[in-house]
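In this note's numbering, the protein residues as written are 1 to 363.
Mixed in with the good hints there might be a few duds.
Have a look at the derived ranges for each label pair, beta carbon to beta carbon [to be verified]:
#1 R214 - E33: 56 to 62 Å
#2 E79 - G302: 51 to 57 Å
#3 R214 - L361: 31 to 37 Å
Calculated directly from the structure, the hints in this document are not laboratory data.
Ideal Cβ placement from N, Cα and C applies to all residues, glycine included.
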Amino acid sequence: MLRVVHLDTSRELRGGQRQLLTLARGLRRRGYEQLVVCPEGSALETRARQEGFRVFALPPHDPGQANGILQLRQQLLAEPAQILHAHDGRGQTLAWLASLGLPVRRVASRRVTFLPASRARHRFIYRHTCHAVIAVSEYVRRLLVSSGVPEARIEVIPDGIEIPAELPSSEDRLRARVRWGMGEQEFVIGHVGAFAPEKGQDIAIQAVRLLAERLPQARLLLVGELPRAFAARIEAEVRAAPVRVRLLGDLEDLRDFFAGLDLFLMPSRAEGLGSSALRAMAHGRAVVASRVGGLPEIVEEGKTGWLVPAESPRDLADAILAAASDRVRLSQFGANAREQARRFSSDIMRERTEALYRRLLAR
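Work the whole structure out from these sequences, hints included.
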């Protein structure tokens, strides 16, 4: 059976790290031997160990990660791997340097949408440091091609999500709303995501403020850890919209959260795909999303939700009002969204990634 090494250098547990774990769980069920390489003390290290994965912790206080590269190379020599899968940019460089000259196939996942400052360097990295690049959306694939990555080296494999066996019940909905001090009269809108400028939480808050008179029962719930660098801006927006906006912090289990919602928002300024929106859709929730990045590939206008221009609180507010004005249509969009989400199941993502591994090894 194949041995796969996953690398990620982030200290946070965000979408990319959750996708690494989702893939690793699926491969474990298939009998793969796996090793997770991540920084010592990172959230990914903690979670991976809790879930029973073998972990290679990169040493802290390591300028340029020189010691980490040498230690990882020794690990790869002691326990040869067939696949080295980097899940972020720094991990890709680390994987390349640690495995130079070794008979291993390197894979790099690309989730971000920003273009590099140096396209020549970008072309070099993707031409020479990996054998295949996984783009999480067609949008990301086009960006890679435009920056010089050979098209034949790119494989589009969208992020995968767990599809709940059943939709939330009316009891689940009531329980969540009681916990929030809300009833059926409120129109509850939610968002899940790391607090960062590109995620657009500030735009969502401004949109709800614009609905003060037209939809006074609108309530916005924001889930995610609020970093200090972004806290002042978001907290100022929340203070300007008392009662209407609530910060729930980082929630591990989102089932009750989705159960209590009427609508999900994805007001991103940039987005590789939008796995949080997919998770909401899997729970039968329609989505209002920005028309950016890979979001139009998962949210279908007039069928599973609404697409609006980015950076426009007014357009976002209008879409929320349209959703609240026709509950029958909103319910149908939610049912359609769940069916759409099935196309992005974690099993499909795992199968396509596994097929890519085997094609690389067969060459």
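Structure-based check of all given hints:
no. : hint                    : verdict
1   : R214 - E33: 56 to 62 Å  : 57 Å, holds
2   : E79 - G302: 51 to 57 Å  : 52 Å, holds
3   : R214 - L361: 31 to 37 Å : 58 Å, violated
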